[in-house]
Amino acid sequence: MPPDLQSRPRLAAGCRLAETPASRTNGKDDRQHTLLMPERALRLNGPSLQIVQRCDGKHTVRQIISDLQMIYSKAEPHKVEQDILGYLALLQKERALDFEL
Amino acid sequence: MENSISNPLALIAELTHRCPLHCVYCSNPLELQARTSELSSEVWSGIFREAAEAGVLQADLTGGEPLARTDIVDLVRAARDAGLYVNLITSGLPMDEARLAALVEAGLDHIQLSFQGARENIANEISGALSHSQKLRVLEWLKSYRVAVTLNFVIHRRNIDQLQEMLALAESSSATRIEFANVQYYGWAFANRENLLPTRQQLDRSVEFLNREQERLQGRIRVEFVVPDYYAKYPKPCMGGWGRKLMLITPHGDALPCHAAQVIPGLSFENVKNRGLREIWEQSAAFQKFRGEGWMQEPCKTCDRRGLDFGGCRCQALLLAGDASATDPVCSLAPLRPKVDAILASLNLISDPVGAGPAPPAPEPVTRPSWLYRPNPS
Numbered sequence: 047m048p049p050d051l052q053s054r055p056r057l058a059a060g061c062r063l064a065e066t067p068a069s070r071t072n073g074k075d076d077r078q079h080t081l082l083m084p085e086r087a088l089r090l091n092g093p094s095l096q097i098v099q100r101c102d103g104k105h106t107v108r109q110i111i112s113d114l115q116m117i118y119s120k121a122e123p124h125k126v127e128q129d130i131l132g133y134l135a136l137l138q139k140e141r142a143l144d145f146e147l
Numbered sequence: 004m005e006n007s008i009s010n011p012l013a014l015i016a017e018l019t020h021r022c023p024l025h026c027v028y029c030s031n032p033l034e035l036q037a038r039t040s041e042l043s044s045e046v047w048s049g050i051f052r053e054a055a056e057a058g059v060l061q062a063d064l065t066g067g068e069p070l071a072r073t074d075i076v077d078l079v080r081a082a083r084d085a086g087l088y089v090n091l092i093t094s095g096l097p098m099d100e101a102r103l104a105a106l107v108e109a110g111l112d113h114i115q116l117s118f119q120g121a122r123e124n125i126a127n128e129i130s131g132a133l134s135h136s137q138k139l140r141v142l143e144w145l146k147s148y149r150v151a152v153t154l155n156f157v158i159h160r161r162n163i164d165q166l167q168e169m170l171a172l173a174e175s176s177s178a179t180r181i182e183f184a185n186v187q188y189y190g191w192a193f194a195n196r197e198n199l200l201p202t203r204q205q206l207d208r209s210v211e212f213l214n215r216e217q218e219r220l221q222g223r224i225r226v227e228f229v230v231p232d233y234y235a236k237y238p239k240p241c242m243g244g245w246g247r248k249l250m251l252i253t254p255h256g257d258a259l260p261c262h263a264a265q266v267i268p269g270l271s272f273e274n275v276k277n278r279g280l281r282e283i284w285e286q287s288a289a290f291q292k293f294r295g296e297g298w299m300q301e302p303c304k305t306c307d308r309r310g311l312d313f314g315g316c317r318c319q320a321l322l323l324a325g326d327a328s329a330t331d332p333v334c335s336l337a338p339l340r341p342k343v344d345a346i347l348a349s350l351n352l353i354s355d356p357v358g359a360g361p362a363p364p365a366p367e368p369v370t371r372p373s374w375l376y377r378p379n380p381s
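Residue numbers (the numbering used here), protein chains in the order written: chain A, 47 to 147; chain B, 4 to 381.
Do not rely on the hints blindly, as some may be mistaken.
Said to hold, decoys possible - Derived list of chain A stretches under chain B, where covered just means 3 residues or more per stretch with a C-beta under 8 Å from a C-beta of chain B:
(1) 53-67
(2) 83-89
Claimed, not checked - Taking lysine to aspartate or glutamate pairs in the EDC-like style, the calculated list, with each CA pair at most 20 Å apart, reads:
(3) Lys-139/A / Glu-174/B
(4) Lys-276/B / Glu-56/B
(5) Lys-104/A / Glu-127/A
(6) Lys-248/B / Glu-56/B
(7) Lys-139/A / Glu-218/B
(8) Lys-236/B / Glu-218/B
(9) Lys-239/B / Glu-174/B
(10) Lys-104/A / Asp-144/A
(11) Lys-239/B / Asp-326/B
(12) Lys-146/B / Glu-127/A
(13) Lys-139/A / Asp-102/A
(14) Lys-139/A / Glu-56/B
(15) Lys-146/B / Asp-144/A
(16) Lys-292/B / Asp-344/B
(17) Lys-125/A / Asp-113/A
(18) Lys-239/B / Glu-218/B
(19) Lys-146/B / Glu-128/B
(20) Lys-139/A / Glu-216/B
(21) Lys-248/B / Glu-53/B
(22) Lys-104/A / Glu-146/A
(23) Lys-139/A / Asp-129/A
(24) Lys-239/B / Glu-85/A
(25) Lys-125/A / Asp-50/A
(26) Lys-248/B / Glu-85/A
No lab work stands behind these hints: they were computed from the structure.
None of these values were measured; they are calculated from a predicted model.
Idealized CB from N, CA, C, for every residue including glycine.
Please take these sequences and the hints and turn them into a complete structure.
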């Protein structure tokens, strides 16, 4: 079920965004954003990072969509919306989000 | 949009082998390490820093019972300060609410609370201790703290028919995750195998039930299920592959590729007090031994699944085939699979080969089995 556009997603207890050293294998020295949660770790970049940074219990799903449509203004707005809803559903399935109304 | 991260991902820190419980399937080795040889909190702090630098993301603080360490709050803080995600894998004893508050304040991210059953009698029988009611108290306290909670049920013949009650317990708590992990047969569990292996009919029923419940609870509670691999068609990718994702440190500091690696003859383990953690991970003979595919025999060597299950479990290959390099005998393609079928048949658990229809149920033991309980180290 797609998340309610009026709800405010927030990272669930025990799920947090961290900056970790980039994987050794890519040989670079930069930091990497990672979403840490029970038994899982998701590497975030670009849009996925923009989304998770807004899962703070303040932004509504609708606001997250309009923010990202602005940031990725060259992309087709409907495609951006679908991608965001899909990603939030994935995080919900992982039990990484609470949706506050 | 995202990638799952592999490579040294988690550090399993066996802080002690001491434990107030005596579970008949304990994953600790038969030879337990003594309290006097345990690493100090300073040494552990150094290990956590080295692990984070080597790219490890998560620390699993376990034991024995990690709460048996009087310095557990300091250890949680040290792991968190090092930049790790901190999991505490615990029986919930000994704990009071002040100690729980201190652990959360120190940076605990996730607590995995183990239960031995949904009912007090079987739970206490399996743990060899009066432990169940204390766990229920801890579960109640946890509702007031912002920490991820997993309920961890180890499943076997004596409690596999209680899954519904176990789920109900999880739904009445603040848990966002529940793990139904069937016993894996090494060490203590191997010794108690005949009384722990569920029947095929029990297993089929539980899988069907959990598939339904997984669907129902989606988005609320993540339900995870580990089958007993004696019944599986293919082996489990043990530890995510030897030396691929996980490193275990024993109470006195030996670095192991898996919980049971000490049973494999001819392997020697390096100690984190003598050598850097990353060096051990990359170079030590024990971690190299079954890394990659070079060690594989047929049928693994040319099997399409070798990148998925990595030949299964090396310790199980040793226990059942007498050769740690053999294909895990639980695999339906393994030359020694008939041996596993013979074990199941001898326990009156199945009368037909894997993949065929359900077998008649085994008679339930009416009396309490004569368990071999794990003792406490000196």
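Checked hints:
no. : hint                  : in the structure
1   : 53-67                 : holds (count 8)
2   : 83-89                 : holds (count 7)
3   : Lys-139/A / Glu-174/B : holds (16 Å)
4   : Lys-276/B / Glu-56/B  : holds (17 Å)
5   : Lys-104/A / Glu-127/A : holds (19 Å)
6   : Lys-248/B / Glu-56/B  : holds (15 Å)
7   : Lys-139/A / Glu-218/B : holds (10 Å)
8   : Lys-236/B / Glu-218/B : violated (24 Å)
9   : Lys-239/B / Glu-174/B : violated (29 Å)
10  : Lys-104/A / Asp-144/A : holds (12 Å)
11  : Lys-239/B / Asp-326/B : holds (18 Å)
12  : Lys-146/B / Glu-127/A : violated (35 Å)
13  : Lys-139/A / Asp-102/A : holds (18 Å)
14  : Lys-139/A / Glu-56/B  : violated (31 Å)
15  : Lys-146/B / Asp-144/A : holds (15 Å)
16  : Lys-292/B / Asp-344/B : violated (29 Å)
17  : Lys-125/A / Asp-113/A : holds (14 Å)
18  : Lys-239/B / Glu-218/B : violated (23 Å)
19  : Lys-146/B / Glu-128/B : violated (27 Å)
20  : Lys-139/A / Glu-216/B : holds (14 Å)
21  : Lys-248/B / Glu-53/B  : holds (16 Å)
22  : Lys-104/A / Glu-146/A : holds (9 Å)
23  : Lys-139/A / Asp-129/A : holds (15 Å)
24  : Lys-239/B / Glu-85/A  : holds (17 Å)
25  : Lys-125/A / Asp-50/A  : holds (18 Å)
26  : Lys-248/B / Glu-85/A  : holds (12 Å)
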